Amino acid sequence: MKLEAVREILDCRVIGGGDKLDQEIEVGCGADLMSDVLAFIKPNALLLTGLTNVQSVRTANVAEVRAIVYVRGKFPDQDAVELALEEGIVLLATNLPLYESCGRLYARGLAGGSECAEGLSDVHRAALLSTL
Amino acid sequence: MSIEPLFCQRFEISGKDFINAGKASTTIKAILREIGIRPAVIRRAAIACYEAEMNVVLYARKAIMELRVTPQEIRIQVEDEGDGIPDVGRAMQPGYSTASDEIREMGFGAGMGLPNIKNNADTLQIHSVVGQGTTLEMAIGL
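Each protein sequence line maps, in turn, to chains A and B. The opening position of the first sequence corresponds to residue 4 in the numbering used here, with each subsequent residue numbered one higher. The opening position of the second sequence corresponds to residue 1459 in the numbering used here, with each subsequent residue numbered one higher.
Okay, chain A solo, but in the shape it has when bound (with noise of 0.2 Å):
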């Protein structure tokens, strides 16, 4: 999916990295805490998420994450824009909360990370289907 899409779907406003939506994402990730999406997220992704501090884009750059949404409205802090710009990481920010922004974007056939499981670990695999 395109990140013009993410967009729209969502209704979000660009907060950085507008000349990049052309970027095709592959799956999508929803989590506020750090290691959880660290642990489950894969390549050229899109990370949705609620935590707005610098370690969202340092998360976001270690992960390879191509792009943020920001959602429930949340704006990120002003070092956390400055590092993506740097990083070439696209920031975006909606009004809806964090379910609804997962499953517009799923009805729409961005796939979720348990959809690319086989590249788990057994260990996260485990807790991975533990949640499910």
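It is possible that part of the hints are untrue.
Stretch-level coverage of chain B by chain A, calculated; a stretch enters the list once three of its residues show a Cβ under 8 Å from a Cβ in chain A [what the hints assert, rightly or not]:
no.	stretch
1	1482-1491
2	1504-1510
3	1563-1576
It should be emphasised that the hints constitute simulated quantities derived from the structure, not laboratory data. These numbers come from a predicted model, not from an experiment. We treat Cβ as the ideally placed atom computed from N, Cα and C, and that holds for glycine.
We have chain A already, so just place chain B on it with the hints.
Structure of chain B alone, referenced to chain A:
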């Protein structure tokens, strides 16, 4: 006989320094990219480093993180001064966490830190002495 590293650099990490938390790991990621390591290996090293660095910032007083790159592997050692881990076995269980509400509000304390390091490294050794500190040694083959 130990193999001479191609590259070696040390980073100081300060406990409770939330502004700079993660900078050492993003620097290591940039160094590995510069050296020409494969992207999939860089991603694993970056995630493992970042989790280890956040553990220092959240739970320890300070630490030295050392990156060594040899022709065979990336080796990272994180030696902290802190309270230590009383039960390493429990700390390795996914979801087990001793994080305060303050730490969780910052987006950490999911109980996935050490499991994430183990998952991304080929080998992980943890030596911890309660009241003194913890040393992590991890290696990722190239």
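For each hint, the structure was consulted:
1. 1482-1491: holds (count 3)
2. 1504-1510: Our answer is that it holds, as 5 residues pass the Cβ test (under 8 Å) against chain A, meeting three.
3. 1563-1576: holds (count 11)
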